[in-house]
Every structure is written in C-alpha cells, then in structure tokens.
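Peer 1: Each chain is listed here by its residues.
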Amino acid sequence: MLLKLAARSLTRHSRRSALTIGAIAAGTAVVIFAWGFGEGIVGWMTRTAQNARLGALQVHAPGYFDVKEADPLKSAFDVDDGLRARLRGTAGVAAITERLLFAGLITTGARSSMVQVEALDPVTEPGVCPDRFAAVPGGAAALKAPRSVVLGGELAKSLGVKVGDSVTVATATAGGAQNALDFTVSAITAGAGFLESKRIITMGIADGRELTSTEGRAVEIAIAVAPDGGGVASDHLVEAVRARAQQAVGTAFEVNSWQTLSPFMRDMVGRIRIVLRGVSTVLFIVVVFGIANTMLMSIFERVREIGTMLALGMKRRKIIQLFLLEASILAGSGALLGTIAGSLAVVILAQRGIDFTPPGSTTQAVIMPVWSLSLVLLVIAAAVAGAVGATAMPARRASRMAPTEALRAT
Amino acid sequence: MFYPIVTALALLATAPAAAEPVSAAAVVTRYDALMSPAAFEATMVMIARREDGSERSYTLKSLKLGTDKLRATFTAPANAKGQEMLRLGDTLYSYLPNLKRAVRVASRDSFMGGDFNNGDVLRVNYTADYTPTLVPSAEGTSAEGTCASLEAKGPQVAYDRIELCLTPGPIDKAQPTSARYYAKSGKLLRSAIFSDVKDFGGGLVRPGTIVMKNEVQLQRQSTMRWEAFEVKAEISSQRFVVEDLGR
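Quick note, the sequences are listed as chains A and B, same order. Here the numbering used here is used: the first sequence runs in plain steps of one and ends on residue 1004. Here the numbering used here is used: the second sequence runs in plain steps of one and ends on residue 295.
One thing to keep in mind: the hints can contain errors.
Unchecked claim - Straight-line distance between alpha carbons at most 27 Å, and here's what the computed DSSO-like set of lysine-lysine pairs gives:
{"hint": "1", "chain 1": "A", "residue 1": "792", "chain 2": "B", "residue 2": "235"}
{"hint": "2", "chain 1": "B", "residue 1": "235", "chain 2": "A", "residue 2": "738"}
{"hint": "3", "chain 1": "A", "residue 1": "756", "chain 2": "B", "residue 2": "201"}
{"hint": "4", "chain 1": "A", "residue 1": "668", "chain 2": "B", "residue 2": "280"}
{"hint": "5", "chain 1": "B", "residue 1": "235", "chain 2": "A", "residue 2": "668"}
{"hint": "6", "chain 1": "B", "residue 1": "261", "chain 2": "B", "residue 2": "201"}
Unchecked claim - Partial pick of chain A residues on the chain B-facing surface, computed with a CB cut under 10 Å:
{"hint": "7", "residue": "704"}
{"hint": "8", "residue": "706"}
{"hint": "9", "residue": "766"}
{"hint": "10", "residue": "768"}
{"hint": "11", "residue": "774"}
{"hint": "12", "residue": "778"}
{"hint": "13", "residue": "820"}
{"hint": "14", "residue": "830"}
Said to hold, decoys possible - Distance ranges between label pairs, derived from CB positions:
{"hint": "15", "chain 1": "A", "residue 1": "778", "chain 2": "B", "residue 2": "278", "range": "49 to 59 Å"}
{"hint": "16", "chain 1": "A", "residue 1": "846", "chain 2": "B", "residue 2": "202", "range": "21 to 31 Å"}
{"hint": "17", "chain 1": "B", "residue 1": "257", "chain 2": "A", "residue 2": "752", "range": "26 to 36 Å"}
Quick caveat, the hints were computed from the structure, so don't treat them as lab data. As the structure is a prediction and not an experimental result, all values here were calculated from the model. Note that CB positions come from ideal geometry on N, CA and C, so glycine has one too.
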C-alpha cells in the first residue's frame, strides 16, 4: 500500500520526479565514468612503471638511493648464480634482469652531450619489462649486436646522427679511470618523454660492463611479478612478493617496489585517486541536496494530504516510511539509470581506448577505462542511503504535524 | 811502430764513453723531475678551447710539496679568482670562495672544464702510478726519441696507459716532447705536445707549454703555459691543509 501511495505521488508530479531522477542519473553516470577513466590512467601508469621502465620490483645494494643521482655506479654489486637462483626461486617472481646505470659523455667528435646510460640485457629485459623496447625500431634486437647504442630522437638530432653512424661513449670506470668505446647507432627511439629523448642512451649490458670495468656486477636487478589479472600485478601482490624476495636475499640487499622507486608516479596515482574521490564526493553531495530539495518541496506541497492521512488514522511511522520510500525510489531509479549510462560509456570506450598524451610526453597513451561492479553497487547504495538520510528529518517533521492544523493549511 | 800505437791509445783515452742504454724507469723519473719536482712554486696560464671555438683563460699559482701535496690558487679571471684546489694524498678538494668551504672532487673530473683532468694537473707522479716499458716510438706517430709505454698500476689512475716520448740523447738532458693517453679499451683519449723549452732558473730547463688535445671531442683543446717556475728547497706544510684554503 505504501508503495502504491509512493508511486502515485511520484507520478503525480512527473516532471519534478523526472528532473530529480535525471539529475541523480547524470551525477552517478559522471561518477562511474570519472572513476573508470581515473582508474584507467592509474592502470596505464602502473603498466608503464612495471612493464616499460622499472619492473615490479628492484634489488639494489644498501645505500643506493643516496648515490643514485650523483654516481649510481658506486652502488654496483656482484651478481652470482646463487643470488640469481634465490630471486628466481622466490614465489611470485616471473623473471629477473640485470642493469647498469651510469653517467657518461656521448660524442661524435664534433658534438657532445652528457647522458645517462642504461645498460640492459636484451635477452632478459623483455621478460621483465615487455614494453621497454616498444618505441625502439627493431625492439630488443637493436641491442643484440655488440657495440650498439640506442638514442632518443632529441639527442640524435642534437648530435646530428642517424642510424648506422658512429659515436663514442666515454665515462669513468668504477675505479675512477677514464674509458671510452666506439659504438654504432642501431636505433633512434621516437615518442619518449623529452628528458628521456634528450638525455638517456641504451646499450647492451656487456658493453656497459666493459666500459665501466664492472664485469659480473650490476647496479640493479629488476624483477617481474606474475600478474594476478589486468595485465599487471596488483599493489597487494607486488608487496607480498617484495617481502618474500627481501627475505630470500637477506640484509645484504634492498628490495623495493616500483612505487618506492618512482615516488613521482606513486604520488601521481595517489593524487588522481584523491581528485576522483573529491569529484565523487561533490557529486554525491549535489545529488543528496537535490533529493532533499525535492522531498522538502514535496512535503511542503502535501501538508493537507498528510493531514488527511493522519486524520484517517495512518500512523506517523507510516508517514515517515512513505516519504523515505519515495526518496529511495527516486534515488534508486536515478542511480540505476546513471550507473547503466556510465557503465555503457566505460565499457564502450574500454573497447576502443581513449587516446591521451601524458604531460611532458611526445607520444600518445591509450587509456582503457575500468568498470567495477563494486563501484556500481556502492554508488547505488550511496545514492539511496544519501537520499534516505536527507529525507529523514523533513519526513519526521511532516509526521509530527497536528492533523487539524495540517487540514487547515492552504 | 811506436807512434801509431801511442796515437791509437791516445784516441781511445779521449773517446767519449759509450752511452749507457736509457732505462724505462729513467724516462719516468726524468719526466717527474722536470714536470713535477719535489717542491716548487709556479705561475701558469691555462687556455681551454671549446667546441664552439670560444676560449676560456685561467691564471693560477701552484705550490707542491713532496709527492702527495699540491695546492692551486686561481688568480684570474674574476669569476674564478679565489678558487683553490688542494691535493692531499689520493684526495682532492676544491675550495669555493662564495661558499667559503671546500668539497671533495674526483681525479677524473675535468680541471676547470678544460681537457686536462684534475689528476693531470694535481697528481703528476708517473713513477708512483705507472709501470714503464721502453717502446720504439709512440704509437701512430713517427716521433723520434726515447719513448716509454706507461701501464697504470691500479684502476684508480686516470689513464690506463700513457705513451711518453723524450728527446733523444742523454737522459739527463732529455726533454718531454709528446704524450698520448689511452683508455682501458685502447682508445686514444688525449694527446699532448710539449714545447717552448726554457730555462726557469735554478738549473731547471723544461717545456714551458703543453698543448693537450682531446682525441674524443675533437674540437676541444687546452694549453697550459708556465709563466714562472721556481724549485723550492722547502715549503711550509701548513699551506697544504684544508683549513688553510681561502686564506
């Protein structure tokens, strides 16, 4: 009976009800889409960090973070089969790769530039960072030939070199002596961030070791963690494997997750989620105020009707329930419509991807919005709960009216 | 019969003694004695030429005591005036007057952005740092004279190998003419020409100019010219403490 009364009341003021439902639907649709897009960006950043640059985990010598900016070679450590076996044998570790990082000078003889050198193993690196060589013509094969070096487009332009040209890379060895080797430019990457394009070169780790006299050593060992869905390992899984790997290598090494290694990305992810929560909260408040406003107007207009119902013996409790039910129907319908609309937008765009150029980058990323059932249910529940909460006080006040006064109202 | 024998004996007596073969160690010792005597005070001008053709000139005074103490004080240009560098053993310090403190620097770092590195200027002690072997001539050149190949004794020395040539003749009169500095990979990093041999007084006759050519960044070159060079009997060791920098 209450349901019938509520439905009749809502349909009697169809335009107002439609507007309220529409506002709630728009708000919830925006929340669903904004979350989905935001989580898509987070997913892209996480994939980039894990699959394209850092790996899920990295192993360093203690004190690496103190020297990595000035002279990462100072923290190079010996890598033996025992260490490799301990890491590979850790549950959750999918692959490992060794890297050397050091500062150097690249020169054609006529033009020079200071650079950061990344010396990678072209055989094992793709197993840890499958997207590492995505922007390199020829992929990891560009580093397979000895004395090959890959440059960014900006650096190649400033040096005036093209693929096949010779360059010299000079640096100081681990002991402090000067050393230099001649290389052939095997590939020029396109589309990296400006800093990477201008200041980073990549060579094979064997060449890097020869150049720096660090045979059998590495500055870091990167680790891939077997994903638990979505293409990358979740933060929770990464942390669990990190703890196991740390136990396996003991105190002689530090094992850190990509978030510790890239606080910038970690902070960006955190900020995106804070912004999303803020937007969602604002929209939620708007939705709740909208419902509250509608219900207040409804109660105000129906004073005589309330008086009549009270005079006919309807319990005050039932009056409250009636208004709460109306609010719930409005909120539930609006939220349901909104989540359907928002979900459709997320699912359709997730098929195509959204082209997005990250700040400071020259390439486009493709964002895949993420749909979450738990988010949908949460939004609907929050809309209904918010509506009920916003309506409770006006409904209680309405139920306390004296029937005679209510009947006399105009 | 008597007279030819006497004549032959007289000729033999006056004939100059056969020159003793020069040892590799003597080459290095001679070089260190000329270029880095045990104690000296010198005034030098370093001119660094960059890739764009521009030149920067620095004037400095240097003091040396023993094999492990050397102090260089810049007197020109204005933006470098007051900067100092101090070598104590294997440690190098750079004093910055605007900070009023000294910081440690690496041997391998470039000396004031030129093609000499800090070790080239402040740590010249080939006897201690290199093992010499005589070679017929410097690789890739047709330089004549006494040449030695110097192999680094340890990984901390700036160059893995140096080919050093002196003028031919008695080692006590020989002057450095050229040097070639190699990386561990065998790549030629620098080449130096020593010239302008002059008498600095006190019996010291040595090259007054070194032109150091960068063989990797081919447009770069630096020249070090000694304006004055005085061998000292003694220099106070108090001049070679970090706390004395800037005074």
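Peer 1: Each of the hints needs a verdict: does it hold here or not?
Peer 2: Results of checking the hints against the structure:
{"no.": "1", "hint": "792(A) - 235(B)", "verdict": "holds (26 Å)"}
{"no.": "2", "hint": "235(B) - 738(A)", "verdict": "holds (23 Å)"}
{"no.": "3", "hint": "756(A) - 201(B)", "verdict": "violated (39 Å)"}
{"no.": "4", "hint": "668(A) - 280(B)", "verdict": "violated (40 Å)"}
{"no.": "5", "hint": "235(B) - 668(A)", "verdict": "holds (24 Å)"}
{"no.": "6", "hint": "261(B) - 201(B)", "verdict": "holds (24 Å)"}
{"no.": "7", "hint": "704", "verdict": "holds (6 Å)"}
{"no.": "8", "hint": "706", "verdict": "holds (5 Å)"}
{"no.": "9", "hint": "766", "verdict": "holds (5 Å)"}
{"no.": "10", "hint": "768", "verdict": "holds (7 Å)"}
{"no.": "11", "hint": "774", "verdict": "holds (4 Å)"}
{"no.": "12", "hint": "778", "verdict": "violated (15 Å)"}
{"no.": "13", "hint": "820", "verdict": "violated (40 Å)"}
{"no.": "14", "hint": "830", "verdict": "violated (44 Å)"}
{"no.": "15", "hint": "778(A) - 278(B): 49 to 59 Å", "verdict": "holds (51 Å)"}
{"no.": "16", "hint": "846(A) - 202(B): 21 to 31 Å", "verdict": "holds (26 Å)"}
{"no.": "17", "hint": "257(B) - 752(A): 26 to 36 Å", "verdict": "holds (34 Å)"}
Checked against the numbered hints given earlier, the structure breaks hints 3, 4, 12, 13, 14 and satisfies all the rest.
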